[in-house]
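2 protein chains.
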Amino acid sequence: MQYKYLLDEKDMPTHWYNILTDMKKKPPFYRHPATLEELAPPGPPMPPPVFPMALIEQEFSPERYIEIPDEVADVLKMWRPSPVYRAARWEKALDTPAKIYYKWEGVSPPGSHKPNTAVAQAYYAKAEGLEGVATETGAGQWGSALSFATNYFGLKCKIFMVAISFQQKPYRRIAMETWGGSVVPSPSSETNAGRAVLEQDPESPGSLGIAISEALEYAVTHDGYKYSLGSVVNFVLLHQTVIGQEAMKQMEMAGDYPDIVIGCAGGGSNAAGLIFPFMKDKLTGAKPNLRAIFVESTACPSMTRGVYAYDWGDTAKTGPVAKMHTVGHSFIPAPVHAGGLRYHGMAPSICALLDQGQAESRAYHQNEVLSSAVGFARAEGFIVAPETAHAVKAVMDEALACKESGESKVILFNASGHGHFDLAAYDAYFRQDLPDYQLDESRIEVALTELPKIPA
Amino acid sequence: MQYKYLLDEKDMPTHWYNILTDMKKKPPFYRHPATLEELAPPGPPMPPPVFPMALIEQEFSPERYIEIPDEVADVLKMWRPSPVYRAARWEKALDTPAKIYYKWEGVSPPGSHKPNTAVAQAYYAKAEGLEGVATETGAGQWGSALSFATNYFGLKCKIFMVAISFQQKPYRRIAMETWGGSVVPSPSSETNAGRAVLEQDPESPGSLGIAISEALEYAVTHDGYKYSLGSVVNFVLLHQTVIGQEAMKQMEMAGDYPDIVIGCAGGGSNAAGLIFPFMKDKLTGAKPNLRAIFVESTACPSMTRGVYAYDWGDTAKTGPVAKMHTVGHSFIPAPVHAGGLRYHGMAPSICALLDQGQAESRAYHQNEVLSSAVGFARAEGFIVAPETAHAVKAVMDEALACKESGESKVILFNASGHGHFDLAAYDAYFRQDLPDYQLDESRIEVALTELPKIPA
Numbered sequence: 000m001q002y003k004y005l006l007d008e009k010d011m012p013t014h015w016y017n018i019l020t021d022m023k024k025k026p027p028f029y030r031h032p033a034t035l036e037e038l039a040p041p042g043p044p045m046p047p048p049v050f051p052m053a054l055i056e057q058e059f060s061p062e063r064y065i066e067i068p069d070e071v072a073d074v075l076k077m078w079r080p081s082p083v084y085r086a087a088r089w090e091k092a093l094d095t096p097a098k099i100y101y102k103w104e105g106v107s108p109p110g111s112h113k114p115n116t117a118v119a120q121a122y123y124a125k126a127e128g129l130e131g132v133a134t135e136t137g138a139g140q141w142g143s144a145l146s147f148a149t150n151y152f153g154l155k156c157k158i159f160m161v162a163i164s165f166q167q168k169p170y171r172r173i174a175m176e177t178w179g180g181s182v183v184p185s186p187s188s189e190t191n192a193g194r195a196v197l198e199q200d201p202e203s204p205g206s207l208g209i210a211i212s213e214a215l216e217y218a219v220t221h222d223g224y225k226y227s228l229g230s231v232v233n234f235v236l237l238h239q240t241v242i243g244q245e246a247m248k249q250m251e252m253a254g255d256y257p258d259i260v261i262g263c264a265g266g267g268s269n270a271a272g273l274i275f276p277f278m279k280d281k282l283t284g285a286k287p288n289l290r291a292i293f294v295e296s297t298a299c300p301s302m303t304r305g306v307y308a309y310d311w312g313d314t315a316k317t318g319p320v321a322k323m324h325t326v327g328h329s330f331i332p333a334p335v336h337a338g339g340l341r342y343h344g345m346a347p348s349i350c351a352l353l354d355q356g357q358a359e360s361r362a363y364h365q366n367e368v369l370s371s372a373v374g375f376a377r378a379e380g381f382i383v384a385p386e387t388a389h390a391v392k393a394v395m396d397e398a399l400a401c402k403e404s405g406e407s408k409v410i411l412f413n414a415s416g417h418g419h420f421d422l423a424a425y426d427a428y429f430r431q432d433l434p435d436y437q438l439d440e441s442r443i444e445v446a447l448t449e450l451p452k453i454p455a
Numbered sequence: 000m001q002y003k004y005l006l007d008e009k010d011m012p013t014h015w016y017n018i019l020t021d022m023k024k025k026p027p028f029y030r031h032p033a034t035l036e037e038l039a040p041p042g043p044p045m046p047p048p049v050f051p052m053a054l055i056e057q058e059f060s061p062e063r064y065i066e067i068p069d070e071v072a073d074v075l076k077m078w079r080p081s082p083v084y085r086a087a088r089w090e091k092a093l094d095t096p097a098k099i100y101y102k103w104e105g106v107s108p109p110g111s112h113k114p115n116t117a118v119a120q121a122y123y124a125k126a127e128g129l130e131g132v133a134t135e136t137g138a139g140q141w142g143s144a145l146s147f148a149t150n151y152f153g154l155k156c157k158i159f160m161v162a163i164s165f166q167q168k169p170y171r172r173i174a175m176e177t178w179g180g181s182v183v184p185s186p187s188s189e190t191n192a193g194r195a196v197l198e199q200d201p202e203s204p205g206s207l208g209i210a211i212s213e214a215l216e217y218a219v220t221h222d223g224y225k226y227s228l229g230s231v232v233n234f235v236l237l238h239q240t241v242i243g244q245e246a247m248k249q250m251e252m253a254g255d256y257p258d259i260v261i262g263c264a265g266g267g268s269n270a271a272g273l274i275f276p277f278m279k280d281k282l283t284g285a286k287p288n289l290r291a292i293f294v295e296s297t298a299c300p301s302m303t304r305g306v307y308a309y310d311w312g313d314t315a316k317t318g319p320v321a322k323m324h325t326v327g328h329s330f331i332p333a334p335v336h337a338g339g340l341r342y343h344g345m346a347p348s349i350c351a352l353l354d355q356g357q358a359e360s361r362a363y364h365q366n367e368v369l370s371s372a373v374g375f376a377r378a379e380g381f382i383v384a385p386e387t388a389h390a391v392k393a394v395m396d397e398a399l400a401c402k403e404s405g406e407s408k409v410i411l412f413n414a415s416g417h418g419h420f421d422l423a424a425y426d427a428y429f430r431q432d433l434p435d436y437q438l439d440e441s442r443i444e445v446a447l448t449e450l451p452k453i454p455a
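Protein chains in written order, with numbering that gives the first Met the number 0: chain A, 0 to 455; chain B, 0 to 455.
Just to be clear, a hint being listed does not mean it is correct.
No copy is singled out in the list; a pair is fine if it fits within one copy or between any two copies.
[What the hints assert, rightly or not] List time: in silico EDC-like cross-link candidates among lysine to aspartate or glutamate, alpha-carbon distance up to 20 Å: (1) Lys91 to Asp21; (2) Lys25 to Glu62; (3) Lys248 to Glu367; (4) Lys316 to Glu440; (5) Lys408 to Asp258.
FYI, nobody ran anything at the bench for these hints, they're computed from the structure. Note that the structure is a prediction, hence the values are computed from the model and not measured.
Here chain A stands alone, though its shape is the one from the complex (with noise of 0.2 Å):
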């Protein structure tokens, strides 16, 4: 039995893949956060230009492939290509027809995909002779990547740590100072929009809401410095398709193309680049009966149970307008383990292809999702993130569907970290402490009501 898929690191893709160029209807265009104005290129794209302008004209190629730069793939080679397991044990512990596939991203230094963006990122900061990042980080995963990328570009890194998990989740801010970032717990009182809040409340625990506002005012105010994003938008998402496009040649090796493709979605983007370029195979009409499924948490459902519109991407309403699917920009999710999945809204890409009818969204509570993360640790041995055991819950449920029908359909989800700093939530789960917090439609009623009034 063979286990793992191995590529060298020649065999890394050269080129990012584009799926806006693919799109019948592409996502619209994002709206001005004051004026509400569709910001149509060649026109200012994004205000503040908070971001490089290289990752700007990326977020509106026309392109189909961009070539990564080489001090880009020098750097991804640490890690990458990463190994596609044949997950034989698991199948066997299902007793499914199923042959079950995963990329396992957790051996990147940071442990999660994260670090394919956050490398690129840091290197056009470089290249456009900046001193610095700024970015905020709730549970952490963002801002490790990021600490880790900057340091080989001689980029200094800003962290806005939201203040609770800085103060709970002390190990991942220690792997950020290992890596040479600056984190700082925000609320802090090194910006206004901090300031503010400490003023109000100087115990603040902090919101991931705040820190964004923290980052985005200290990358504005601060001579050298820009503004740096770990998900949603589409240059971000662009740069984790080599995922995919790696786990395509994998899946090749092994004989075997997937029926379904899965992966966990907070902002979208560990999900997006491991089913993008297999997407293209669907949207080509090369693989027309594919199945994308995007899974999220129960407590943040904005695929399942938001709206499909226009919505700010932040709570301070400083970033652009951008239609997805979105519970509200000033919904408050319940506090499940899986941080990364607590975002309100989700990758306008995606949502485009959501409503379409090209993938499919579901969402899990956290019991049986963690459930079912155990069986995966005790049959293939990782121990993987909350989130990502979100895409392990649809892989089993898709495993035991295919137990019940007798189909050998070919799985394959993104394993996007291992879950070393977040062991808690296992412990919560073994004492039987791990809440399934029932959503109160009415919280989301309430915040739909703050949706931007888009001029017709």
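With chain A's structure known, arrange chain B on it following the hints.
Relative to chain A, chain B alone:
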């Protein structure tokens, strides 16, 4: 630039390498813990016969190569062969002409080299018809590996975890439970040994010595159970030789042969695993100039400050007496973060090589060790365990010596595990709160007075 040298599963070693067969002078036989009589085969090999018989046979095997059972290889293939990395970025950071390579054992699900032997031990326990195995663990690396391994053979796994670690390092405990192991804080009320300690001190923080005594007692007093050990003895080091055998193939792919091979050594298993297959070339005359360096902590300097003498392997004097470098079984090392390097003795086979001038040893303080590990993390990305960081420091010193001399030596070391559960060590280093314990030599002197008096 190629960074990683990967092997396919089919290139995994088919046999373990038994270095004893190539040693001109072998380590002397073990002695009975009470009578101190020599335990020469075919007499009773180890009192009490706490290990499965197949392992006891391996301990004294006259065979140079011992076949790896298919069932063991099948589990090892979940992560093996592990990659060899060229540390090109670290070479550049150190500005050294040396060429540095490292074997990365952090890719195993438990995160270290330990499962290489845990899987084999679980297999032989199952083959003997056992129901379970018992063991002790300090910080938890070994317990994690055994919990992971026994799960694949349907065995129960009872782990006595030093109480203070059980409380302070919950993540490793949760990982063990995730793989299905049963973990109790030691001293526990489940054994006479544990109860005796608790009667004296209900708040006892425990020690590795107590935990060993509890695990041994549990194994001996429970039908269907035997004991499992993670280092020191021949069969454990034997199982680790897959590391070095793979590395030899990978160095060949890289077109290099090491001038120096380096590993950190507590009981010695990871270092031996890398070094022994290369040492064969030295012992048989093919590579007479190869240097092998075993690196320990100044807090427990068995090789650099101890004596080469007979001593008990455990504090409770229930296991066999072995001739080894030791600071005395009653010596209690300072609480350095590298818990895996706090063993009073050293593998007898390594000690014989040291005694015969075939290998070198050195010791480091934890601040210099963590400093080099931070440099390594910033260059190579991976955050290594505090134990592994001792090898990193030795490599750095050798690389800087090359810079001094202008020599372009090839250095290979074993990156034995990741430090994801040990980030407190890095944090303490950054906060300048990491003590460099000064060794009180008189404490070694006292401990050495308690060595067994071997009859002439």
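Going through the hints against the structure:
For a Cα distance limit of 20 Å, the shortest separation of Lys91 from Asp21 qualifies neither inside one copy, at 38 Å, nor across copies, at 43 Å. Within a single copy, Lys25 and Glu62 get their C-alpha atoms as close as 14 Å, which meets the 20 Å cut-off; across copies the closest is 68 Å, which misses it. Taking the shortest Cα distances, Lys248 and Glu367 never come within 20 Å of each other, neither inside one copy (32 Å) nor across copies (44 Å). In this assembly of identical chains, Lys316 and Glu440 lie within 20 Å of each other by CA distance neither inside one copy nor across copies; the values are 23 Å within and 65 Å between.
With identical chains, the CA atoms of Lys408 and Asp258 are at most 20 Å apart within one copy only, with a shortest distance of 6 Å there and 51 Å across copies.
Hint compliance for this structure: hints 1, 3 and 4 are broken, all remaining hints hold.
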